[in-house]
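Peer 1: If you want the building blocks of each chain, they are given just below.
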Amino acid sequence: MSGNASFVYSDALLNYHFHSDHPFNQKRVQMTKELLEAAHQLDQTDIIPPRKATEQELALFHDPQFIEAVKQASNGELSETTAAKYGLGTEDTPIFENMHEASSLLVGGTLTAVDAVLEKRSTHSLHLGGGLHHGFKQKASGFCIYNDGAVAIKYIRQHYNLKVLYVDTDAHHGDGVQWAFYDDPNVCTFSIHETGRYLFPGTGNVNERGIKAGHGYSFNIPIDAFTQDESFLHVYESAFREITAFFQPDIIITQNGADAHFHDPLTHLSASMQIYERIPQLAHELAHTYCEGRWVALGGGGYDIWRVVPRAWAQVWNVMRYGVPKSGSLPLSWLKKWQKSAPVTLPRTWQDQSDTLPNIPRKADIQEKNDKMLQVALKYTKGRTKT
Amino acid sequence: MLVEEIMKTDVVTLPPNAPIKEALHLLQTHRIRHIPIVNTKKQVIGIVSDRDVRDASPSIFDTTSDNSALSNEIQTIMSKPVVTVHPLDLVEEIASIFYDEEFASLPVVQNNQLVGIVTEKDMLYTLIQLTGTHVQSSHIEVKVPHRPGILPEVTAIFGKRKTNIVSVLIYPYKDDPNFKILVFRIQTMNPLPVIQDLKKAGYELMWPNNVEDNV
Numbered sequence: 000m001s002g003n004a005s006f007v008y009s010d011a012l013l014n015y016h017f018h019s020d021h022p023f024n025q026k027r028v029q030m031t032k033e034l035l036e037a038a039h040q041l042d043q044t045d046i047i048p049p050r051k052a053t054e055q056e057l058a059l060f061h062d063p064q065f066i067e068a069v070k071q072a073s074n075g076e077l078s079e080t081t082a083a084k085y086g087l088g089t090e091d092t093p094i095f096e097n098m099h100e101a102s103s104l105l106v107g108g109t110l111t112a113v114d115a116v117l118e119k120r121s122t123h124s125l126h127l128g129g130g131l132h133h134g135f136k137q138k139a140s141g142f143c144i145y146n147d148g149a150v151a152i153k154y155i156r157q158h159y160n161l162k163v164l165y166v167d168t169d170a171h172h173g174d175g176v177q178w179a180f181y182d183d184p185n186v187c188t189f190s191i192h193e194t195g196r197y198l199f200p201g202t203g204n205v206n207e208r209g210i211k212a213g214h215g216y217s218f219n220i221p222i223d224a225f226t227q228d229e230s231f232l233h234v235y236e237s238a239f240r241e242i243t244a245f246f247q248p249d250i251i252i253t254q255n256g257a258d259a260h261f262h263d264p265l266t267h268l269s270a271s272m273q274i275y276e277r278i279p280q281l282a283h284e285l286a287h288t289y290c291e292g293r294w295v296a297l298g299g300g301g302y303d304i305w306r307v308v309p310r311a312w313a314q315v316w317n318v319m320r321y322g323v324p325k326s327g328s329l330p331l332s333w334l335k336k337w338q339k340s341a342p343v344t345l346p347r348t349w350q351d352q353s354d355t356l357p358n359i360p361r362k363a364d365i366q367e368k369n370d371k372m373l374q375v376a377l378k379y380t381k382g383r384t385k386t
Numbered sequence: 000m001l002v003e004e005i006m007k008t009d010v011v012t013l014p015p016n017a018p019i020k021e022a023l024h025l026l027q028t029h030r031i032r033h034i035p036i037v038n039t040k041k042q043v044i045g046i047v048s049d050r051d052v053r054d055a056s057p058s059i060f061d062t063t064s065d066n067s068a069l070s071n072e073i074q075t076i077m078s079k080p081v082v083t084v085h086p087l088d089l090v091e092e093i094a095s096i097f098y099d100e101e102f103a104s105l106p107v108v109q110n111n112q113l114v115g116i117v118t119e120k121d122m123l124y125t126l127i128q129l130t131g132t133h134v135q136s137s138h139i140e141v142k143v144p145h146r147p148g149i150l151p152e153v154t155a156i157f158g159k160r161k162t163n164i165v166s167v168l169i170y171p172y173k174d175d176p177n178f179k180i181l182v183f184r185i186q187t188m189n190p191l192p193v194i195q196d197l198k199k200a201g202y203e204l205m206w207p208n209n210v211e212d213n214v
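Quick mapping for you: the protein sequence lines, in order, are chains V and Y.
Under numbering that gives the first Met the number 0, think of the first position of the first sequence as 0, with each following residue one higher.
Under numbering that gives the first Met the number 0, think of the first position of the second sequence as 0, with each following residue one higher.
In short, the hints are calculated from the structure, not lab data.
Values in this document were obtained by computation on a predicted structure and should not be read as measured data.
Even for Gly, the Cβ is constructed at its ideal location relative to N, Cα and C.
A couple of the hints might just be wrong.
Examples of chain V residues toward chain Y, derived with CB under 10 Å [what the hints assert, rightly or not]:
1. D174
2. Y181
3. N185
4. T202
5. G300
6. Q374
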């Protein structure tokens with residue numbers, strides 16, 4: 000059932016770069032691409048270059064004043080006070096030269112992926128430079144300037160009038176995309192994330208279900224800190240299947256943040272590579288069942304760029320392109336190249352070795368709490384499945 | 000924070016001689032639970048709750064009733080005297096009134112005239128604002144010795160990192176009077192540098208930042 004797939008990439012995506020100490024580092028995208036090439040999983044013919052989003056396209060979601068502020072910041076012409084109003088120049092989203100251009104390319108990359116799928120040039124498309132789900136209408140936040148997912152969904156609604164299911168497995172709540180479509184019954188958002196009790200942004204409660212006509216089309220499953228594979232996948236699989244059956248989407252967009260791993264420094268979840276094999280497999284299956292295969296996958300968070308992100312994201316492509324994740328050893332040439340700059344020892348296999356997994360004493364309690372969240376999140380879809 | 004900052008000034012009221020059914024109608028259309036009863040000088044002389052009105056209504060199983068009970072005047076069932084508050088009272092004070100008196104609505108009276116109303120829900124909303132959970136933030140809890148000067152010492156660490164603090168709460172550490180828990184909500188997705196600085200300065204962090212192998 001594997002359809003053909005495209006991989007959006009150009010080195011220019013790496014220009015989205017705050018500064019060398021910032022945890023958000025797009026070198027991840029390059030490392031993933033090179034890992035796939037070294038493993039002979041990615042061919043030059045699979046790659047399509049991202050285009051730049053136009054200002055009109057950005058304005059499908061963002062306020063023109065905000066776009067103007069980013070453009071000024073891009074040229075170093077934005078005052079500190081105005082910048083603060085738009086969430087720019089903060090520790091999370093510092094100003095950098097040409098940030099408007101770099102951010103527009105990132106949004107354009109997601110539009111490139113959307114066009115590839117909807118103009119039927121490929122069944123699936125992957126843009127790992129995208130997935131910046133914290134960007135707001137008129138505010139940058141949480142490492143995100145423009146919100147490519149939100150712009151792309153507006154774009155799909157306007158140009159293709161399709162029903163969009165957005166699935167966000169980043170460890171942080173996909174707040175920017177959720178609020179963008181909170182009142183829209185044609186866009187269903189589903190985010191599974193570490194509870195906001197401790198973690199940024201703090202939202203994503205199970206009772207955030209949408210408003211007005213959009214009520215019932217926003218799903219959130221906050222899971223407990225230190226959740227491991229089994230519970231994560233149970234919650235993900237049950238909810239994703241049920242929500243898709245209920246909503247009957249025309250296209251699925253996944254945000255594949257890779258920060259729920261136990262190595263990730265920013266979050267407290269304790270998953271292993273196992274979830275990053277299963278997450279795309281289910282998206283792939285459901286896209287074929289409900290959407291004639293239409294599936295656009297994006298990147299997102301992921302702050303252990305050495306041990307976690309390249310493997311996790313490469314598996315999204317492996318599943319998208321070949322239907323199955325890779326296993327066994329990582330290519331030596333890739334390890335050799337990147338080990339030189341890595342401050343940690345790179346893993347040598349696609350899977351995590353079982354002796355490296357953390358031992359979580361409260362596992363049973365965590366599982367029980369997560370199951371309860373799942374029940375509450377889905378309580379209105381039971382028996383309401385559309386036909 | 001003062002009551003006048005959170006009270007609603009658009010209050011639904013009734014005169015004492017209004018029929019009970021009018022109260023029933025107002026409770027339903029405005030989706031409220033309390034109606035202050037005021038005289039012609041806007042003085043609060045009583046209050047009725049949805050439960051008072053329901054007690055006065057015939058049972059839904061009583062199909063023979065002609066609902067004549069609902070024609071009685073509202074003053075026959077209103078509660079009095081009424082506990083009221085002043086616009087310049089503190090929100091904390093009304094929280095203890097709600098807790099002690101076990102009711103959920105307080106008319107606000109100034110110069111002996113009704114000027115507003117505060118409900119338990121308004122107060123909870125205010126508490127949500129105070130905790131800072133309504134804005135994007137990360138949450139950090141620090142256990143500190145209970146002594147003067149500790150708060151500026153800890154907050155200086157956030158200041159050095161230019162981390163904006165959304166809210167600070169201080170609460171007791173279990174039953175130990177020698178310690179306090181400081182709860183910070185900070186406006187960043189990357190609390191790591193601050194967490195590391197706090198640890199380096201010798202402060203004890205609470206769950207989930209006290210689990211070593213995760214960092």
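Peer 1: Against this structure, judge whether each hint is valid.
Peer 2: Going down the list of hints, with the structure as the test:
| no. | hint | verdict |
| --- | --- | --- |
| 1 | D174 | holds, 7 Å |
| 2 | Y181 | violated, 15 Å |
| 3 | N185 | violated, 26 Å |
| 4 | T202 | holds, 7 Å |
| 5 | G300 | holds, 9 Å |
| 6 | Q374 | violated, 23 Å |
Consistency note: the structure conflicts with the earlier hints numbered 2, 3, 6.
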